[in-house]
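**Q** Here's the letter readout for the chains.
Number of protein chains: 2
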Amino acid sequence: MRPCLIIVLIGALAAVAAPSFADEGMWLLDQIPEFEPTLKAMGMQLSSREIWDPKTNTGLASATPWLGGCSSSFVSPDGLVITNHHCAFGAIQMNSTPEHDYITDGFLAASRKEELPYKAGRVTVFKGYEDVTQAVASVIKPGMEPEARAKAIELREKELVAACEKSGLRCRVGEMFGGGKFYLFRQLELRDVRLVYAPPRSIGEYGGEVDNWVWPRHTGDYSFLRAYVGPDGKPADYSPDNVPFKPERWLSLAKEPLKDGDFAFILGYPGKTMRYRIAAAVAGDTGFYYPQRIELLKDLIAIAENEGKRGKDVEIKLASQLKGFYNSVKNNEGMLEGLTSSDLAGRKRAEEAKLNAWIDAEPARTARFGNALPEMEKALAAKNATRQRDFLLGWMPISRSSSLLAAAVIIERWSFERTKPDLERKAGYQARDERTLRQRLFNMQRNLDLPHERKVLAYLFGRAATLPVGQRITAVDDALGATGKTGDEAVTAMLDKLYAGTGLADEKTRLAMFEMDHKALLAKDDTMIAFAAALRRDTVAEEHVTDTYNGEMVTLAPRYIGALAAWKSAPLYPDANSSLRLTYGSVKGYSPRDGVYYKPFTTHHGVVEKETGKEPFASPQRLLAAEKAGADGTYGDQKLGDVPACFLTDNDITGGNSGSPVMNGKGELIGLAFDGNYEAIDSDFQFNPALSRTISVDIRYVLWCMDYVDKAHALMREIGVEPQNK
Amino acid sequence: MRPCLIIVLIGALAAVAAPSFADEGMWLLDQIPEFEPTLKAMGMQLSSREIWDPKTNTGLASATPWLGGCSSSFVSPDGLVITNHHCAFGAIQMNSTPEHDYITDGFLAASRKEELPYKAGRVTVFKGYEDVTQAVASVIKPGMEPEARAKAIELREKELVAACEKSGLRCRVGEMFGGGKFYLFRQLELRDVRLVYAPPRSIGEYGGEVDNWVWPRHTGDYSFLRAYVGPDGKPADYSPDNVPFKPERWLSLAKEPLKDGDFAFILGYPGKTMRYRIAAAVAGDTGFYYPQRIELLKDLIAIAENEGKRGKDVEIKLASQLKGFYNSVKNNEGMLEGLTSSDLAGRKRAEEAKLNAWIDAEPARTARFGNALPEMEKALAAKNATRQRDFLLGWMPISRSSSLLAAAVIIERWSFERTKPDLERKAGYQARDERTLRQRLFNMQRNLDLPHERKVLAYLFGRAATLPVGQRITAVDDALGATGKTGDEAVTAMLDKLYAGTGLADEKTRLAMFEMDHKALLAKDDTMIAFAAALRRDTVAEEHVTDTYNGEMVTLAPRYIGALAAWKSAPLYPDANSSLRLTYGSVKGYSPRDGVYYKPFTTHHGVVEKETGKEPFASPQRLLAAEKAGADGTYGDQKLGDVPACFLTDNDITGGNSGSPVMNGKGELIGLAFDGNYEAIDSDFQFNPALSRTISVDIRYVLWCMDYVDKAHALMREIGVEPQNK
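Protein chains in written order, with numbering that gives the first Met the number 0: chain A, 0 to 725; chain B, 0 to 725.
No lab work stands behind these hints: they were computed from the structure. All values reported here derive from a predicted model rather than from experimental measurement. Hints should not be assumed to be uniformly reliable.
[Said to hold, decoys possible] Here are some, though not all, of the chain A residues that point toward chain B, as calculated from beta-carbon distances under 7 Å:
| id | residue |
| --- | --- |
| 1 | D593 |
| 2 | V595 |
| 3 | Y596 |
| 4 | G605 |
| 5 | E608 |
We put the CB at the ideal spot given by N, CA and C, even for glycine.
Using the sequences and the hints given, assemble the complete structure.
**A** As structure tokens, this is what we get:
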């Protein structure tokens, strides 16, 4: 019975009416025809085929590459990429030295030869996708246990990916509607990425943490990269002989001034949303997940802030990590506040009661959807039984906690998985992942600070020691027990042993270990590797829980979402999963609270209004001087009487969309999306048309800064704009 | 020469064109004809004579009494007065007891008999005014020293007042344009004032200190008083036999809904503005006065907060004073920030340079205005020579510092001045002031807390000990010297002596002393009285400085302001001085910063939006329930889709205007002014059309609260509105 269900539900998801929620939705490109009349009515001048034609595999979508966690667009025939400053931050940081502080001063390559390599960077070009639901669903056999089901699906996905990648492209299977559909995405991964131009941090990050998530905003959050390929035109590692990549399509800049109410659409790669999460899951997020995460983040912040007092060099090493933690805490606190104050769990519960009543009203519906929701709740409850352990386990082997333990886990798992045939290895540890894993082991050296990492591990092990029975982490228990001590003394002794007997802090040793087979690796008796091997058994226990849960959900969630779709008889978009999506909307302000209206545009004057001369409001003198001189060029907006800085639209985006091109009805670039607004920070769970907004930097502000502040004139000409400040 | 100047300048002030600054100005009622066409064009339907007819001495102005520090209006033929909750706070507090906490719970008299007496209250009805410039100016003789000039003017003013008060009215001379004009104001002072209705503090003070000076605002800042007279219709002290006062005019409530852009005018009694202050004076305010005051206020706050820790009863006693201090600090810090960030002193200096250039351009102008500004600067510099002493001296004998020392100063000065003929006594110590002074000595008992007062005096005496040579306070120096000790020990010894030998803390003793003649008083050897007598000599020295300065300015300021008027050829309004003024404008939002627009209306929904359940956002349950039930009655606004709460206009007001009626073009009540906005907190110095706003509570919110929250139905009928929540 079960395999059929998936197919049935795909039907249910497709047979739907025109969208009822105007500007909500992160739509797959093949869904565009469903609401094309709405798009046209709003001002879209491109057809769905001009955005992406599945037959010819061409369209605007090929001009909007993924950067891995960020989005971007090509803006010249020579592989020039525009994205956010915060998306290019890695490239800027990696190339900065005390002598060349590109973070503070910005960077502008005087010629192509001087563009700076960013070896960790990837520009991943969209090459289309196809529906592989049938191929995936066919592996599910009647009577399969959930975990087996999950593993069978994983295996089939790997087979599809392996077959696809023979073409030289990178491929991945994306699961939609909780398993209702599966798509195989094809991507061209360009590995030679270079930094072309970044404004000073005081423009690209103006407002810093103070303004993060906040409107009104005045951040010039843009930077330029360039993708290079080998002389043969194929993806290649960095080489001075490489040549600029020639994209099939690139974006032109808008010629008409953008104004309030104008249509705007975005192509980008939203990372994760939870729009179909059931009430019980939201209750868990509200009552457990976010409170736990906020507490842990605050503890890690306290540790890092304290460690930073050891010296300026340590402070700098930890700065980037702390910045991430601050952002996460602000986000998570806003999220928790939003979930709590809007009582999303309660409202979902009420909606589910209505859905159940609708299902119960007809026997056919009961037969089709009836038990999905209670079974999902049961599966969730089973998974929650070890959620304290799983939460903590998730924080242990990652570089934000301890680079050394993270390295040990990567190396040990890699050599362990390599003993199996490629398709049977754990996802993330296949031959195709080797390059990425090695890069990670290399990258961690830059900010390595052992005393700080030790403090973090002491904290995590201390927490692990308080886990309830049934949720213990055996590896930690064993290691603590082996010290013959208790409490803090045991943790100290365990850490002494771990750090005394490991060679992982040394880059060469670490990279050499990555090449060793499992037996030889363990024979080295590296204490951190030995602990990683022990921890793997706990991780596998956690993977068992997850696979079981996923195996349950892959048949339940599509039925639940299918019921929702049939009940609402509206088209549904799948939750975000880093696949290319289109969101449409228009330029629109909002009222954050009674009596206040946030206008959809900020202006250049507002940059100066915020100026304090102190971080994060310390603009470059040449910016202040140009503003004071009233040098607006042709970038000024007549209605605003000033150069626009940032603008709001009601497009539906989330993390991963950063750097996305915001386009007008002609598909011309009007801005770069870079943030959401605090009042709708919980929009990953629920889109609120009155409050959810996308914050973008106006392309006119980008051009003004290029022209009047940084004199990036050659680059302006490359993107088809004649500079005025000559 | 000089007396003539004043007359010349009156000419200059009158011969002016139509107003150039649309909505700026606190206009005297006799000025209205000057801009009547503008008023009409904006929507005023009343003629200047309907507002006040100087010939018949009638008009709307008789419906807007002064409350002494606040404004108000009659809203029924039975002497019912509406004003702000914070203006009626004294009446509410005086009548509150632990058993009847009208502050928290509000108060509504079930019948007229149950209206509560407020003996310190005054309802002062406008009875017209006349120009007495000639009579005052004629006392100035050629060659007079400045101090003699000031004293001659003071004497003439007293004579005019004494003659005027023979009618049974209260009279006062108001100096306009720094002495360019003098007006004699007549007022009917009603002394039997009763509290009729006050909403709970959680409505009347909703938002408290957090929202003070802030938009968007949601405060139901209204209360009702009633003025009573003797059975003969004449002003009388409280008596149960008294009858409601019958005003000549009272206001009707607006029948049309108020909307954005609507014309609005205000009649009220603004207290003090400094719009004509010269650059040098503003520089002194920015560099000395506000910083000193903020520092001192913060020190007093620290003392009071610390003393409050002694116990709940002390905390309550000091609560009202602390509230005042918090408000002052917030105001003064905003003021200083505004003066500094707008560089008002610098801009005034630049304007003065232009004015001087204009004066210098023509010999006739040079002859007429030439030396005013430099002479004003010289007079100011002379006055500033003792400003540290004078500042501190101003804080010593007031009840906010020490009730006991304040009482001693009043009693000693009163008995000292009584030795002279009435007209020669210091202003404020004439026979006409006896009742007020006695009332002050009576009022202080309620919140008397000797340990706290002693701490404040220790602080002030400690500061006095650090004053520079030439600015010493002799009374303090002598008293400290007499202890034979130094430093803190001297202050302690001095205070020990002061407090051990005074009987002023006892109400009966205090009031009895007030009746004693000077010789007998001094013979009692009360230590605090003896110190007050010594301090009087320092005060007289300060009065000499002030009189000299005033005597200089009374001839200089009119010349300077006259030059300004001639240069700008625009009508000028005099600085506020608690005389009745009209300000006109319209309902209007504003942009506090780039990207943000403050709408001109808040709504009832916004009250609930701010609700936290904790002070100062803890609405009464019955308000929340009524809002939740959507019970808007006829008070809802169609366009807003809700009951309006507060609104903004660009009327020009300041402290003293609180409680003022805001009226539509028909002269109907649309709201009560109660605050200004933080972005224009320095509007006492400069009105900014883009930012300066009046915050008023909408009369529809008042009615909604009366109807749906407090069921003040009889009162509603009295003001001509039929309740709906029956």
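**Q** Does the structure break any of the earlier hints, and which numbers would those be?
**A** Every hint satisfied by this model.
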